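Q: For reference, the chains in residue letters:
Protein chains: 2
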Amino acid sequence: MVHLNKSIREGDNADLTSERLTATFNTHEMAAHLHQGRHHAQRRREITEAIEKIPELHDSQPYPFMTREEKINEGARKLEAVTRHMEKIIDPNNAAELFHLNNEVLGLEGNACALHGVMFIPAILGQADDEQQERWLHRAVNREIIGTYAQTELGHGTMLRRLETTATFDKQTDEFVLNTPSITALKWWPGNLGKSSNYAVVVATMIIDGKSKGPHTFMVQLRDEKTHNPLKGITIGDIGPKMAYNITDNGFLGFDNFRIPRRNMLMRHAKLDRDGTYTKPSHAKINYSAMVHVRSYMISHQALFLASCLTIAVRYSAVRHQGHIDPKAPEVKVLEYQTQQHRLFPHIARAYAFNFAGAETVRLYQKVLTDIEEGDTSLMADLHALTSGLKSVVTYLGGEGMEQARMSCGGHGYSQASYFSEIYGVAIGGCTYEGENMVMMLQLARYLVKSVAAVKQGQGSKLPPLVAYLGQKSESTSLIDRVPNGGFTEYIKTFQHIARRQTFSAAEKFVKLIENGTPREVAWNKSSVELNRASRLHTRLYIAEAFVRKVNEVADPTIKDALSDLLHLHLNYELLDVATYALQDNFLSTSQLDYVRDQLYLYLEKVRPNAVSFVDSWEISDRELRSVLGRRDGHVYKNLFEWAKQSPLNRTDVLPYVDKYLKPMMKQQQSKI
Amino acid sequence: MVHLNKSIREGDNADLTSERLTATFNTHEMAAHLHQGRHHAQRRREITEAIEKIPELHDSQPYPFMTREEKINEGARKLEAVTRHMEKIIDPNNAAELFHLNNEVLGLEGNACALHGVMFIPAILGQADDEQQERWLHRAVNREIIGTYAQTELGHGTMLRRLETTATFDKQTDEFVLNTPSITALKWWPGNLGKSSNYAVVVATMIIDGKSKGPHTFMVQLRDEKTHNPLKGITIGDIGPKMAYNITDNGFLGFDNFRIPRRNMLMRHAKLDRDGTYTKPSHAKINYSAMVHVRSYMISHQALFLASCLTIAVRYSAVRHQGHIDPKAPEVKVLEYQTQQHRLFPHIARAYAFNFAGAETVRLYQKVLTDIEEGDTSLMADLHALTSGLKSVVTYLGGEGMEQARMSCGGHGYSQASYFSEIYGVAIGGCTYEGENMVMMLQLARYLVKSVAAVKQGQGSKLPPLVAYLGQKSESTSLIDRVPNGGFTEYIKTFQHIARRQTFSAAEKFVKLIENGTPREVAWNKSSVELNRASRLHTRLYIAEAFVRKVNEVADPTIKDALSDLLHLHLNYELLDVATYALQDNFLSTSQLDYVRDQLYLYLEKVRPNAVSFVDSWEISDRELRSVLGRRDGHVYKNLFEWAKQSPLNRTDVLPYVDKYLKPMMKQQQSKI
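Going down the list, the protein sequences come from chains A and B.
For the first sequence, this note's numbering begins at 1 and goes up steadily by one.
For the second sequence, this note's numbering begins at 1 and goes up steadily by one.
For the record, the hints were derived by calculation from the structure and aren't laboratory data.
Model, not experiment: these values are computed from the prediction.
Be aware that one or more of the hints could be misleading.
[What the hints assert, rightly or not] Taking lysine to aspartate or glutamate and the EDC-like style, the derived pairs with C-alpha atoms no more than 20 Å apart in a straight line are:
{"id": "1", "chain 1": "A", "residue 1": "Lys-509", "chain 2": "B", "residue 2": "Asp-594"}
{"id": "2", "chain 1": "A", "residue 1": "Lys-667", "chain 2": "B", "residue 2": "Glu-80"}
{"id": "3", "chain 1": "A", "residue 1": "Lys-663", "chain 2": "B", "residue 2": "Glu-225"}
{"id": "4", "chain 1": "A", "residue 1": "Lys-526", "chain 2": "B", "residue 2": "Asp-598"}
{"id": "5", "chain 1": "A", "residue 1": "Lys-645", "chain 2": "B", "residue 2": "Glu-69"}
{"id": "6", "chain 1": "B", "residue 1": "Lys-667", "chain 2": "A", "residue 2": "Glu-87"}
{"id": "7", "chain 1": "B", "residue 1": "Lys-526", "chain 2": "A", "residue 2": "Asp-594"}
{"id": "8", "chain 1": "A", "residue 1": "Lys-509", "chain 2": "B", "residue 2": "Asp-598"}
{"id": "9", "chain 1": "A", "residue 1": "Lys-450", "chain 2": "A", "residue 2": "Glu-521"}
{"id": "10", "chain 1": "A", "residue 1": "Lys-456", "chain 2": "A", "residue 2": "Glu-515"}
{"id": "11", "chain 1": "B", "residue 1": "Lys-660", "chain 2": "A", "residue 2": "Asp-224"}
{"id": "12", "chain 1": "A", "residue 1": "Lys-560", "chain 2": "A", "residue 2": "Glu-545"}
{"id": "13", "chain 1": "B", "residue 1": "Lys-328", "chain 2": "A", "residue 2": "Glu-521"}
{"id": "14", "chain 1": "B", "residue 1": "Lys-645", "chain 2": "A", "residue 2": "Glu-69"}
{"id": "15", "chain 1": "A", "residue 1": "Lys-450", "chain 2": "A", "residue 2": "Glu-515"}
{"id": "16", "chain 1": "A", "residue 1": "Lys-512", "chain 2": "B", "residue 2": "Asp-326"}
{"id": "17", "chain 1": "A", "residue 1": "Lys-606", "chain 2": "A", "residue 2": "Asp-561"}
{"id": "18", "chain 1": "B", "residue 1": "Lys-550", "chain 2": "B", "residue 2": "Asp-561"}
{"id": "19", "chain 1": "A", "residue 1": "Lys-526", "chain 2": "B", "residue 2": "Asp-594"}
{"id": "20", "chain 1": "A", "residue 1": "Lys-512", "chain 2": "B", "residue 2": "Asp-598"}
{"id": "21", "chain 1": "B", "residue 1": "Lys-512", "chain 2": "A", "residue 2": "Asp-326"}
{"id": "22", "chain 1": "A", "residue 1": "Lys-333", "chain 2": "B", "residue 2": "Glu-164"}
{"id": "23", "chain 1": "A", "residue 1": "Lys-660", "chain 2": "B", "residue 2": "Glu-70"}
{"id": "24", "chain 1": "A", "residue 1": "Lys-660", "chain 2": "B", "residue 2": "Asp-59"}
{"id": "25", "chain 1": "A", "residue 1": "Lys-526", "chain 2": "B", "residue 2": "Glu-605"}
{"id": "26", "chain 1": "A", "residue 1": "Lys-526", "chain 2": "B", "residue 2": "Asp-326"}
{"id": "27", "chain 1": "B", "residue 1": "Lys-271", "chain 2": "B", "residue 2": "Glu-131"}
{"id": "28", "chain 1": "A", "residue 1": "Lys-667", "chain 2": "B", "residue 2": "Glu-225"}
{"id": "29", "chain 1": "B", "residue 1": "Lys-509", "chain 2": "A", "residue 2": "Glu-605"}
{"id": "30", "chain 1": "A", "residue 1": "Lys-232", "chain 2": "B", "residue 2": "Asp-653"}
{"id": "31", "chain 1": "A", "residue 1": "Lys-526", "chain 2": "B", "residue 2": "Glu-331"}
{"id": "32", "chain 1": "B", "residue 1": "Lys-663", "chain 2": "A", "residue 2": "Glu-69"}
{"id": "33", "chain 1": "B", "residue 1": "Lys-660", "chain 2": "A", "residue 2": "Glu-56"}
Using the sequences plus the hints, can you model the full thing?
A: Here you go:
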């Protein structure tokens, strides 16, 4: 028999199968919408199957049972193996295929080459001149050398200008002398810097004739290529365990009069001649592009993290029975509880929304790249503002959803068998890396404040599409309850109203402070929480719009209907969440708020029959999920027991601490009596 | 020189000292308000000093560098040592002193006797009859035997009635036969069950003559007292690693026709005679008292977790410099940023509020205990409702604050050197254990709905104090901006209004569904999210009231002024957080909301000079805090480097995985070219 939900197999947990049988859409089709079209969705499944057949690509035991050293060893083992098998399984030039392969085989806790592909090679491509690329690029691409990108220092993160590491030009020997003048100047945090990399692109303040020329990048060999021992003058090591992501060896690095040739300065943009003549880079923005690149892709990766947690929680909620709604009937699936639905379904909607917004962002990023090649940098500021906002909002709201998903599984969610805490730990790091969220929100706010100024100067009609709504007028009240079905537009107008109102009021607060004599940056600081709120509302509006655009674009009516339910749920949930802003000046009335609540509960019920199918559609394999609780087949309890029996503590019945410490304690107490 | 802030020492980080010099109150005095009066605050300091002098009570290395097995061993080592030294350091009968000693020495990741004192002994006290206490109590108190309390099963948590483990009475042999009829019936989760305990109080469904008598408690020996080997018929082990709290061996337990004497059934309340005659317990509520006991104390423990995270974040924010407010001046402390203040200060206020509410709860619990001894159980329902709500709201909001604190420290907050992730991991477990939060909120909601019914029946004036406000009438609008300074009362009235409005509307939704023919439990389920919101607002009102009561009670004007600032901050922050409810029907006007925002920013500034002193007042020692980032002396960077150098990965320059896997990978690639 052919089922719409493609995850059904014989022998599965019957409760889970019964959920899948109520699907109103084909999950393969939905997967195509989530994963860049039918072709790639199909490739993902093929890759999963190919991996299944190669045992050395499988985890040799669950990660939670390994020490950090064992995990790192296991990660390197699989990294070597997957490198050998790669060309059989995927097209290595297809980033999306490589991403999926890595997720399945290496997992999300990192690996010895995590930064090599994402930061080191792009740094060479973006910043080394042609001759330099000749020297390093093919060696890096072929992994003859392994590298990373060393920017942040123990005492300095985002403020590039304040980096303390120095590269002083020695004209006599035609070399740079690298130094770490203080403890706070130690390079700190770069991934794979500690133990894996033998090269790094290092950011240091360049000094020529005693004068600082600001931060520049340098190719630095860190370790002997044969012995892997650190070179003389280099202090290097791992910064120690983190909240998560512990297969990656984030490292520290110090220099003590370490010399590199002048031509190890990356000279695509800035240059230094043999005679000490310095040429500035022509375009300062160029350096941002690596960050924007990573941020653009972060949105959909974060959506995948959230979807992973929801896959676990929604499936488990269909398997877990607890309590009664009808006192005479058997215990119900916990998925029947409105509180459980309210905890999970709006986050399913968010995961979808983030995915759609992420796909748009990547498309915009690719357009900006093409534009730049044609000399047009006009969209860069928009893309930067958009990704700054999305990165912050998505990582934060995603974290909220992941923790709700974990807690919705009760005690078992707290066990590492669920793998929740690791997924959360890795994902939530995104609030901090690639631009700390508060800093990002305020970068977006600067863009919004400029847009408000443009509107006030009568230039509102010339604003770029992302902020065009700031130049438009509001209705005096919301009309969300006038167009009952499919009234997406009125919701969007309401979100536009509140984002606009908050943006204007925050900008006005800032301007008024300046007019009253407050220094500009002090005024900015005193307005920053309100500006932050504006950035958040602006970004949440964008996410809702991206979801609406997606639904409007879908042709297949079963997919469109299902996504429309999810979108309705999203719009009502999000509006309720920011209703404080909407209720001001009675733009939204009290009775409209009641309407929003009723709609919310209505759409929880509508989403209910498709809940499992919505998460199944992400097609995150058991291998990738690494969660006993989230297994496709729903056989949770038996496998929790099997998992627990493997725990290292269960290798012996009586652990050494019992004889060594507990028994003496017990006897000591007895002797007192 | 004598300073008001008692944490100042010579040689400290100057930025931190400068913060401490602006304190407007004596931190020892504030500590007395946080820690049950001057005497106990002084005892805490003395205990800290005593521990300092006994090296075997100190951690032998930082926990994050240990494997789980090493941690468990280290925990047992210190447990044995602290048991030996205990009577020199504290009065072992003083629970508060014991609590502090354990926090400092054993820490928050648990220990082999964690459940022994909190659950096993109270279970004997509460449920064993006098003769049974004679047999087991002194052996337990003296730790000749180590026990735990085994209730939850793999497939069942909160639903006691559905527990599957059976204890079948065999009249012939005068024994109970214990069985685990399925995998889901395995006892699962009890702390210290896996490897440490040799006894347990086990909850099982009692069967007499083929008939179930419901859940009862039994004393069961699990392991041989000499060899510690599991007894025949017992399957036992550790359930595997968890999100946190991994020194404790949460365990599983299965029975295969395991026999215990009839008199191992705990018979204080229910009884079974030799001839099979069964006597029911007289008062079903009695069994709740252990849960209520734990929940009553949880509130202040959770406050301490939150305060720990804030201590780390606020101190670090005074040490960390980043960016500029005045472009010409040096980089500023990150504590100067309004966004940073907004991230941290309202949570300082919450930690104080939770502490004050927790102290009230413990007093009420003690009163209820006295009442019960005098045969008066009238307050038990109120206490149960109160602790259910507080437990849920405090664990959830606390978690929010802890994660904000971590993120406010940027990358370094993500390092386990900060210890944030462990504190969060342990604390957030509180959302799940001792009654899952959603279940707890709905238990409170039942109490609130009953109170509404009483009001509707004209009994509003007879409601107990905790819900008396439900019987009162609202003003038509809020008056918060009419009494500018010290207008705590108008804020409380506003919180009362919104809690009352939501409670009535949720209750009415429930009643209306029933009137329209919906079965009662279905109606309850369909109203449960709204009921939940009511419970939350009710509890947050209580917390605000407890804070107001505390401030009104303080005599010392410097303490009173400082706490008043914190309370103002709290009231405005909380009101803004729930403003959606207040804006309905224009109870709060848009201009009043603007007023609340302005007040919020004003009180962030007022709290600023005391921020470090507010966290210092908790007097959480460096030993207890276990955080490099939160050190009292503020010497963060040097010690982060020292910490990292100790990381196990840095014991050798080149780790085995490099030669074993990375080099073959690098060569394999080279050979392809």
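Q: It remains to establish, for every hint, whether it holds in the given structure.
A: How the hints compare with the structure:
no. : hint                   : result
1   : A:Lys-509 to B:Asp-594 : holds, 12 Å
2   : A:Lys-667 to B:Glu-80  : holds, 11 Å
3   : A:Lys-663 to B:Glu-225 : holds, 9 Å
4   : A:Lys-526 to B:Asp-598 : holds, 11 Å
5   : A:Lys-645 to B:Glu-69  : holds, 16 Å
6   : B:Lys-667 to A:Glu-87  : holds, 17 Å
7   : B:Lys-526 to A:Asp-594 : holds, 15 Å
8   : A:Lys-509 to B:Asp-598 : holds, 11 Å
9   : A:Lys-450 to A:Glu-521 : holds, 15 Å
10  : A:Lys-456 to A:Glu-515 : holds, 16 Å
11  : B:Lys-660 to A:Asp-224 : holds, 16 Å
12  : A:Lys-560 to A:Glu-545 : holds, 16 Å
13  : B:Lys-328 to A:Glu-521 : holds, 11 Å
14  : B:Lys-645 to A:Glu-69  : holds, 16 Å
15  : A:Lys-450 to A:Glu-515 : holds, 17 Å
16  : A:Lys-512 to B:Asp-326 : holds, 19 Å
17  : A:Lys-606 to A:Asp-561 : holds, 11 Å
18  : B:Lys-550 to B:Asp-561 : holds, 12 Å
19  : A:Lys-526 to B:Asp-594 : holds, 15 Å
20  : A:Lys-512 to B:Asp-598 : holds, 14 Å
21  : B:Lys-512 to A:Asp-326 : holds, 19 Å
22  : A:Lys-333 to B:Glu-164 : holds, 18 Å
23  : A:Lys-660 to B:Glu-70  : holds, 13 Å
24  : A:Lys-660 to B:Asp-59  : holds, 17 Å
25  : A:Lys-526 to B:Glu-605 : holds, 10 Å
26  : A:Lys-526 to B:Asp-326 : holds, 13 Å
27  : B:Lys-271 to B:Glu-131 : holds, 13 Å
28  : A:Lys-667 to B:Glu-225 : holds, 11 Å
29  : B:Lys-509 to A:Glu-605 : holds, 17 Å
30  : A:Lys-232 to B:Asp-653 : holds, 13 Å
31  : A:Lys-526 to B:Glu-331 : holds, 17 Å
32  : B:Lys-663 to A:Glu-69  : holds, 18 Å
33  : B:Lys-660 to A:Glu-56  : holds, 15 Å
Of the numbered hints given earlier, the model fails none.
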